[in-house]
Amino acid sequence: MNFAIVLLAGPQDPAARSALNFARAVLASGHHISRLFFYRDAVHLATTLGVQPQDEADIHADWRAFISDNQLDAVVCIAAALRRGVLNADEATRWQRPTANTGTPWELSGLGQWVDSLQTADRTVTFGT
Amino acid sequence: MKSLLIITRRPPAHMGAREALDLVLAAAAFGVPTGLLFMDDGVLQLRKGQDAALLQQKSLTANLGALDMYGIEDVMVCRHSLAERGLHVNQCAVAVDCVDNAQIAALLDHYSEVVSL
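Those sequence lines, one after another, are chains A and B. Heads up, the numbering used here is the position in the first sequence plus 382, with the first residue counted as 1. Heads up, the numbering used here is the position in the second sequence plus 938, with the first residue counted as 1.
Chain A on its own, in the form it takes in the complex (with noise of 0.2 Å):
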């Protein structure tokens, strides 16, 4: 089965560990998932910036290495991220901001890509609120 996974909630949430432990389980119960998608404070978890005490989880690099492990195409929406502060190379050159704080494995697009995956996969299931 097809799944889309959407993720609202920020890194700080329970539910960001929820989403990434539920897209481990659908990988490996042999299922595909066609697209994540990080929307409004979700789109926190694609900056390169966060530091986490040393004993803690890292939630950003944690779904930076699901994503890049299993090649998934992860979209942040561009909308929400801009007005966040979550910036790749181009959106800082764009607007002319002093760095970008996100890039691969994570693509800023728009929510035509959500819906887009709602009229495609078998499932979308979202996470957070």
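Please note that the accuracy of each hint is not assured.
Partial selection, computed: residues in chain B whose CB lies under 8 Å from chain A [said to hold, decoys possible]: (1) Met939; (2) Lys940; (3) Leu942; (4) Gly954; (5) Glu957; (6) Ala964; (7) Ala965; (8) Phe968; (9) Val970; (10) Val1053.
Derived lysine to any residue pairs resembling SDA-like cross-links, with alpha carbons at most 20 Å apart [unchecked claim]: (11) B:Lys940 x A:Val507; (12) B:Lys940 x A:Thr502; (13) B:Lys940 x A:Asp498.
These are computed hints drawn from the structure, not numbers from a lab. C-beta atoms are modelled at their ideal positions from N, C-alpha and C, and glycine is treated no differently.
We have chain A; now place chain B onto it with these hints.
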């Protein structure tokens, strides 16, 4: 094409209210049959006579007004949430259908996808 019901639950000053409406308009722009249900504090988005400028915010009214233009006919509000906040449907800024709990349960069955924002 799968139909989509979007349930918006955040008050108007919350960025989440605008982000829910953005998804509604994006879905409609892709030609997806889309319904919109205002619930919980989301019903406050509909209240007539709000002045977002006092909070240095952009008004949601233009987005609400665009629903019709985008062909979104199923705009609904939860009767219970309105009543809890002492509001009546005639205080809403756009035309909405008032739905009760049984009708909401039927909506969840009727639409192929449901997103609660």
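Check the hint pairing Lys940 of chain B with Val507 of chain A against an upper bound of 20 Å on the C-alpha distance.
holds (15 Å)
The hint names Gly954 of chain B as touching chain A; please verify it with the least Cβ-Cβ distance against 8 Å.
holds (6 Å)
Holds or violated: are the alpha carbons of Lys940 of chain B and Asp498 of chain A at most 20 Å from each other?
holds (10 Å)
Given a cut of 8 Å on the nearest C-beta pair, is the interface hint for Val1053 of chain B held or broken against chain A?
holds (6 Å)
Met939 of chain B as chain A interface residue, shortest Cβ-Cβ below 8 Å:
holds (7 Å)
Hint status (Cβ of Leu942 of chain B to nearest Cβ of chain A, threshold 8 Å)
Since chain A brings a Cβ to about 6 Å from Leu942 of chain B, closer than 8 Å, the hint holds.
Is the hint on Val970 of chain B kept, meaning its closest Cβ partner in chain A is under 8 Å away?
It holds, given that the least Cβ distance between Val970 of chain B and chain A is near 6 Å, below 8 Å.
Does Glu957 of chain B pass the interface check with chain A, least Cβ-Cβ distance below 8 Å?
holds (6 Å)
Supplied contact hint for Ala965 of chain B, tested at 8 Å Cβ to chain A:
Holds. Min distance 5 Å.
At a threshold of 8 Å, is the proposed contact between Lys940 of chain B and chain A supported by beta-carbon distances?
holds (6 Å)
For the pair supplied as a hint, Lys940 of chain B and Thr502 of chain A, confirm whether the alpha-carbon distance does not exceed 20 Å.
holds (9 Å)
Identify whether the interface hint at Ala964 of chain B stands, where standing means a beta carbon of chain A within less than 8 Å of its own.
Result: holds, 4 Å to nearest chain A Cβ.
In this structure, none of the earlier numbered hints is contradicted; all agree with it.
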